[in-house]
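Peer 1: Top to bottom, those sequences are chains A and B. For the first sequence, the positions run 217 to 435 when the numbering used here is used. For the second sequence, the positions run 217 to 435 when the numbering used here is used.
Simulated from the structure, these hints should not be mistaken for laboratory data. Warning: the hint list may mix true and false statements.
Because identical chains share one entry, a pair is satisfied inside a single copy or across any pair of copies.
DMTMM-like mimics (lysine to aspartate or glutamate), calculated; alpha carbons at most 25 Å apart, straight line [what the hints assert, rightly or not]: (1) K228 to E374; (2) K365 to E221; (3) K435 to E278; (4) K361 to E350; (5) K228 to E278; (6) K236 to E356; (7) K327 to E233; (8) K314 to E221; (9) K327 to E313; (10) K435 to E277; (11) K228 to E307; (12) K435 to E307; (13) K361 to E399; (14) K327 to E350; (15) K415 to D258; (16) K365 to E281; (17) K384 to D227; (18) K314 to E411; (19) K247 to D227; (20) K236 to D331.
Number of protein chains: 2
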Amino acid sequence: MEFAEYFPIWDKLAPGEQKKLSDSALYRRVKKGTLLHGGSEDCQGLLLVSSGQLRAYIVSEEGREITIYRLFERDLCLLSASCVMQNIQFEVTVEAEKDSELFVVPSGVYKALQDESAVVANYTGQVMASRFSEVMWLLEQIMWKSFDKRLAEFLLNETLLEETERLKITHEAIGNHLGTAREVVTRMLRYFQSENIVKLSRGIVEVMDAARLRELCGK
Amino acid sequence: MEFAEYFPIWDKLAPGEQKKLSDSALYRRVKKGTLLHGGSEDCQGLLLVSSGQLRAYIVSEEGREITIYRLFERDLCLLSASCVMQNIQFEVTVEAEKDSELFVVPSGVYKALQDESAVVANYTGQVMASRFSEVMWLLEQIMWKSFDKRLAEFLLNETLLEETERLKITHEAIGNHLGTAREVVTRMLRYFQSENIVKLSRGIVEVMDAARLRELCGK
Numbered sequence: 217m218e219f220a221e222y223f224p225i226w227d228k229l230a231p232g233e234q235k236k237l238s239d240s241a242l243y244r245r246v247k248k249g250t251l252l253h254g255g256s257e258d259c260q261g262l263l264l265v266s267s268g269q270l271r272a273y274i275v276s277e278e279g280r281e282i283t284i285y286r287l288f289e290r291d292l293c294l295l296s297a298s299c300v301m302q303n304i305q306f307e308v309t310v311e312a313e314k315d316s317e318l319f320v321v322p323s324g325v326y327k328a329l330q331d332e333s334a335v336v337a338n339y340t341g342q343v344m345a346s347r348f349s350e351v352m353w354l355l356e357q358i359m360w361k362s363f364d365k366r367l368a369e370f371l372l373n374e375t376l377l378e379e380t381e382r383l384k385i386t387h388e389a390i391g392n393h394l395g396t397a398r399e400v401v402t403r404m405l406r407y408f409q410s411e412n413i414v415k416l417s418r419g420i421v422e423v424m425d426a427a428r429l430r431e432l433c434g435k
Numbered sequence: 217m218e219f220a221e222y223f224p225i226w227d228k229l230a231p232g233e234q235k236k237l238s239d240s241a242l243y244r245r246v247k248k249g250t251l252l253h254g255g256s257e258d259c260q261g262l263l264l265v266s267s268g269q270l271r272a273y274i275v276s277e278e279g280r281e282i283t284i285y286r287l288f289e290r291d292l293c294l295l296s297a298s299c300v301m302q303n304i305q306f307e308v309t310v311e312a313e314k315d316s317e318l319f320v321v322p323s324g325v326y327k328a329l330q331d332e333s334a335v336v337a338n339y340t341g342q343v344m345a346s347r348f349s350e351v352m353w354l355l356e357q358i359m360w361k362s363f364d365k366r367l368a369e370f371l372l373n374e375t376l377l378e379e380t381e382r383l384k385i386t387h388e389a390i391g392n393h394l395g396t397a398r399e400v401v402t403r404m405l406r407y408f409q410s411e412n413i414v415k416l417s418r419g420i421v422e423v424m425d426a427a428r429l430r431e432l433c434g435k
């Protein structure tokens, strides 16, 4: 596992900067379900994914969740180092959604580089702009898209990520991704089942008619 | 109107950078209601507010609106120069919500500075982090706060911004801020009126009981 291979702007850094980063980056292998970051006081460092899948989400006071984005190979999670990003005033939780491998870049090391280097600072800005864009997309979905379309889109995306039509996922977990009560998910899934779009069994949602799902979400 | 007085990191710039910015910045005085930026293809420049109030909002395909943030004196609007910010993949519209004075910094000039200067790049990141935080706040409100609380918070905020309890605002305009249909706004305002919290007349919402509004939104 070479840090250099995964850090997107490696070639644009000076040798001294490269050394600081690779010397300080910690390699971690984590099991599915591992909590990697929780709350703004926890500022261990930036997470650079080398394999697997992470999920960033927010939690309401009542414990309701909504997924705000996911991170895949070569993605960098800035918000786990929110102390590095001045003016970030919200808290996200990050967990491994699959068994994953990642590098942790200590916050202090990254901050020192960013303060000195326009290249690093601009890269941080680009990553933040990507996450910001994902949240804007989510906001538009929530505001203007009906729940059947959001659920259809979610199920289609899951079949791609999991590479199977037979999804091992509970209604509650779907609700936590979409920020919706379990009952609402169950109701819509049963409607999908009555239309032969999905088939439900314990802990399983099997997509039977992906074409109809695509049609539903206008793809 | 001195640009230097309004640009937040002026003192941290080198004299050459200061000159580039102040030579290129255009001073504009605009009337309430002026459209300052619309869509991602329009990339005239960064807007630096010297007085007044701007509103940034998104618009759905059906023409529904929701305010994502407002800009006041000394605030910088990056998204009107989204071509400068790599990876910004959404479109906002910016309009003057009051008669306003502002500077327009041409996108190309700012981008050239940002590419060279860690100070400018980090400042851009801070501004983006602030806007990102505002959108996250909004997302949490929409997901987890009931409409009566959001409306109470909006009305209280308006009385502060307008410095009067007697707000000249239509139900439709409130709907456009909050991303809600006019009918929903009217229904809730009538309920507030029945509780003697507000008094409604043509084009006017008068706040009668600010304490109750504060109570409602938990302030």
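Peer 1: Each hint needs a verdict: does it hold in this structure or not?
Peer 2: Hints, verified against the model:
In this assembly of identical chains, K228 and E374 lie within 25 Å of each other by CA distance neither inside one copy nor across copies; the values are 35 Å within and 47 Å between. In this homomeric assembly, K365 and E221 never come within 25 Å of each other (Cα to Cα): the closest approach is 38 Å inside a single copy and 49 Å across copies. Taking CA atoms no more than 25 Å apart as the test, K435 paired with E278 passes between copies only; the shortest distance there is 18 Å, against 34 Å inside one copy. Taking the shortest Cα distances, K361 and E350 sit within 25 Å of each other both inside one copy (15 Å) and across copies (21 Å).
In this assembly of identical chains, K228 and E278 lie within 25 Å of each other by CA distance neither inside one copy nor across copies; the values are 45 Å within and 44 Å between. For the homomeric pair K236 and E356, neither the shortest alpha-carbon distance inside one copy (40 Å) nor that between copies (38 Å) is at most 25 Å. Within a single copy, K327 and E233 get their C-alpha atoms as close as 12 Å, and across copies as close as 24 Å, so both meet the 25 Å cut-off. For the homomeric pair K314 and E221, the shortest alpha-carbon distance inside one copy (21 Å) is at most 25 Å, but the shortest distance between copies (51 Å) is not.
Neither within a single protomer nor between protomers do K327 and E313 lie at most 25 Å apart by alpha-carbon distance, with minima of 27 Å and 37 Å respectively. Only between protomers do K435 and E277 lie at most 25 Å apart by alpha-carbon distance; the minimum there is 16 Å, versus 35 Å within a single protomer. Taking the shortest Cα distances, K228 and E307 never come within 25 Å of each other, neither inside one copy (31 Å) nor across copies (30 Å). For the identical chains of this complex, K435 and E307 are inter-copy neighbours only, at 21 Å across copies versus 33 Å inside a copy, given an alpha-carbon limit of 25 Å.
In this homomeric assembly, K361 and E399 come within 25 Å of each other (Cα to Cα) both inside a single copy, at 19 Å, and across copies, at 19 Å. Taking the closest pair of Cα atoms, K327 and E350 come within 25 Å of each other both inside a single copy (24 Å) and across two copies (23 Å). For the homomeric pair K415 and D258, neither the shortest alpha-carbon distance inside one copy (41 Å) nor that between copies (47 Å) is at most 25 Å. In this homomeric assembly, K365 and E281 come within 25 Å of each other (Cα to Cα) both inside a single copy, at 19 Å, and across copies, at 20 Å.
In the homo-oligomer, the alpha carbons of K384 and D227 never lie at most 25 Å apart, since the shortest distance is 40 Å inside one protomer and 57 Å across protomers. Taking identical chains as interchangeable, the C-alpha atoms of K314 and E411 are never at most 25 Å apart, the minima being 31 Å within one chain and 52 Å between chains. Taking the shortest Cα distances, K247 and D227 never come within 25 Å of each other, neither inside one copy (31 Å) nor across copies (48 Å). Proximity of K236 to D331 under the C-alpha cut-off of 25 Å is found in both arrangements, the shortest distances being 14 Å within a copy and 22 Å between copies.
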